[in-house]
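Asker: One-letter residues, chain by chain:
There are 2 protein chains.
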Amino acid sequence: MAEVSSLPTPSLVVDVEAFDANCAAMDSVRPGRDLRPHVKAFKSTALARRLHDAGHTAFCAATPREIEGMAAAGLGDDLLLANESLDVARLGSLDANVTVAVDSESILDAAIAGGVPSVLIDIDVGLPRCGCDIETGERLAERARAAGLSVRGVMGYEGHLMMVSDRNEQAEKVALAMATLLDAHERIGGDIVSGGGTGTFDTNTWCTEIQAGSYTLMDTQYSTLDLPFRQALGVLATVISTSPKGWIVANAGLKSLGMDHGDPTWAGPGKVLYCSDEHVTLIPDDLGDWTVGDRVLLHPAHVDPTVAKHERMWLVSGDDVIDEWPIDLPHW
Amino acid sequence: MAEVSSLPTPSLVVDVEAFDANCAAMDSVRPGRDLRPHVKAFKSTALARRLHDAGHTAFCAATPREIEGMAAAGLGDDLLLANESLDVARLGSLDANVTVAVDSESILDAAIAGGVPSVLIDIDVGLPRCGCDIETGERLAERARAAGLSVRGVMGYEGHLMMVSDRNEQAEKVALAMATLLDAHERIGGDIVSGGGTGTFDTNTWCTEIQAGSYTLMDTQYSTLDLPFRQALGVLATVISTSPKGWIVANAGLKSLGMDHGDPTWAGPGKVLYCSDEHVTLIPDDLGDWTVGDRVLLHPAHVDPTVAKHERMWLVSGDDVIDEWPIDLPHW
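As they're listed, the protein sequences go chains A and B. Using my numbering, the first residue of the first sequence is number 284, and each one after it goes up by one. Using my numbering, the first residue of the second sequence is number 284, and each one after it goes up by one.
Worth flagging that the hints you see were computed from the coordinates, not collected in a lab. All C-beta atoms, glycine included, are put in the ideal place defined by N, C-alpha and C. Worth double-checking, as some hints may not be accurate.
To be verified - Not close to chain A: a few residues of chain B, all C-beta gaps over 10 Å, as computed:
hint	residue
1	E300
2	A355
3	L358
4	N380
5	R450
6	D466
7	G472
8	D509
9	M542
10	D560
11	V575
As the list claims (entries may be wrong) - Lysine to aspartate or glutamate pairs mimicking DMTMM-like chemistry, simulated, CA-CA at most 20 Å apart:
hint	chain 1	residue 1	chain 2	residue 2
12	A	K528	B	E418
13	A	K528	A	E594
14	A	K528	B	D416
15	B	K528	A	E388
16	A	K528	B	D577
17	B	K528	A	E421
18	B	K528	B	D568
19	A	K528	B	E421
20	B	K528	B	D569
21	A	K554	A	D572
22	B	K528	A	E418
23	B	K528	A	D572
Put together the whole structure using the sequences plus the hints.
Answerer: Here it is in structure tokens:
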């Protein structure tokens, strides 16, 4: 295929060596069905297929459209909507094995009405977001079974513990959070205890499957932890202006970078001054090294919303583009 | 058409009364060609057509794809790429009247090679981004004319002054910045002096045309200024979970909201706790008022990157949906 230098900009590029190393590091701890990759992190069935081919045949997603896209791509062996949605009627008729998370009567009603065959009971394990208490979960499981649905088990996302930097401290806190989930599992039944994420992929030893996706591409936020994954995803941009006052400007800004965790990083040598909608202004150590047309590589602070802004990723090895991965699970 | 309550979520909704009032407020100060609406703020040819029909027949854009989309929609009377790009060859052959900004030999070379007929010389007026000094601008204009291009004038964006909250102080600073641009104009010639934005739409009395777009939809950032525009754009979301611990969760998160200026605001009554990828957790004043399936309306902190994350806007009047505006100028 093409050379990296000929790619249009701004573009998402994935370093294949880093990607493969990240996958190998995860697989050594979470092989096959011990991992349920989360497609919300990468929104690409081409990337998902790589994981499927490596033995991770079950996936989870955050939106109905992600589930539909995975089913359409023939990756529907075991799809979990790991999120509450009232808009699940569209999932009941898919040619795929679909399970949805439920944490209230209303969500369960939607799943039943929509013809969804299976549910996981979503338990609150400490993150202020979705999930119910155990007693509610028991009632929901009973009602789901009475309505003919399969209750495959429980899920609980300890998202509030992902960024605890001390691994021992994190492991202790995860154990406490998962004690609640295991208690719920004992009372509710089913084969699945689902939870975790990239930040707790090894400290969460309690779940039967870990829901992680960011480890494939990584970002500067997760890189502050001592994890065996490295940044595989960058945003490639072109220098479009240089100023004798000391800055250069490249054509990647707020609209091509996830900004909720702040500015991207730049290997430089130099630093990021600020991002605006379509620009990043950079302060290079040596202005004389830079000219219009040069390329810069930025590492986004947060992978998931960065990927969501693009139409494709380019898989690269050194200077060569070796594949194109459409971001074909866009929006919601 | 439909009722607002039947819209899928998360969705962008535009309050037609606020939108019309914003347009009227701008038109009273900047009628017709005194305004060059910036499509980067709303990325929709349907919205652009409304402005065109009100007499604003010239537009500016930030990306080549926005220019192409405007030309394809028959809105190509006078299109300015108000940004430096090396990727302008695709604009030279459009069935439209295209002008591009240039601030260096390299960008001018690209415009010449790409067959672009007209340029504006982009002058640095104090924002650390694109734009050259006056002497460079003179040289570029001379070279452009020698190559047969039309030099229509100058542009200079005082983006660093948009958020100066004291209007008198802002007016003074804008006058200083524009003194540079007027000096450049005197030496470079042409009919156009282009600059400004929503934040300086009335204090920049120096330009022949103002480049503003956010005023149509508005955001919470610009709302901190004393401007005659109000928030017309909201993100409609559905409550998908409620917790007896005191929070509710709605299905709009980082991926449907521009986050570079922080969390959205919520009229509540209550407050925003935090956003994650697909969720916002809200603390309502009275939890008992809320149930799964209720709708909430969030106002994004920054319009431009919020719009860029969606596929369409719904124009609404009270409870009625009166039009759908596709966001048909996506990406770059």
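Asker: Take a quick look at whether A:K554 and A:D572 sit within 20 Å of each other, Cα to Cα.
Answerer: 14 Å, holds
Asker: Does the structure keep A:K528 and B:D577 at a Cα separation of 20 Å or less?
Answerer: 53 Å, violated
Asker: Does the claim that B:E300 lies off the interface hold, with its Cβ farther than 10 Å from every Cβ of chain A?
Answerer: Given that every Cβ of chain A is farther than 10 Å from that of B:E300, nearest at about 27 Å, it holds.
Asker: B:D560: least C-beta distance to chain A exceeds 10 Å?
Answerer: Since the minimum Cβ distance to chain A is about 5 Å, B:D560 lies within 10 Å and the statement is violated.
Asker: If you draw a straight line from the CA of B:K528 to the CA of B:D568, is it 20 Å or shorter?
Answerer: Answer holds: B:K528 to B:D568 is near 13 Å, not above 20 Å.
Asker: Beyond 10 Å on every Cβ pair: is that true for B:A355 relative to chain A?
Answerer: 18 Å, holds
Asker: Does B:G472 really sit off the interface, with its C-beta more than 10 Å from all C-beta atoms of chain A?
Answerer: 23 Å, holds
Asker: So B:L358 supposedly isn't at the interface. Is its beta-carbon more than 10 Å from every beta-carbon in chain A?
Answerer: At about 20 Å from chain A, B:L358 clears the 10 Å cut-off, so the statement holds.
Asker: Taking only the CA atoms, is the gap from A:K528 to B:D416 under or equal to 20 Å?
Answerer: Between A:K528 and B:D416 the Cα gap is close to 10 Å, so the pair holds against 20 Å.
Asker: So is B:D466 really clear of chain A, every C-beta pair being over 10 Å apart?
Answerer: 18 Å, holds
Asker: Below or equal to 20 Å on CA atoms is what counts here, so check B:K528 against A:E418.
Answerer: 15 Å, holds
Asker: Given the hinted pair B:K528 and A:E388, is their Cα-Cα distance within 20 Å?
Answerer: 18 Å, holds
When held up to the earlier numbered hints, the structure conflicts with 9, 10, 11, 13, 16, 23 and fits the remainder.
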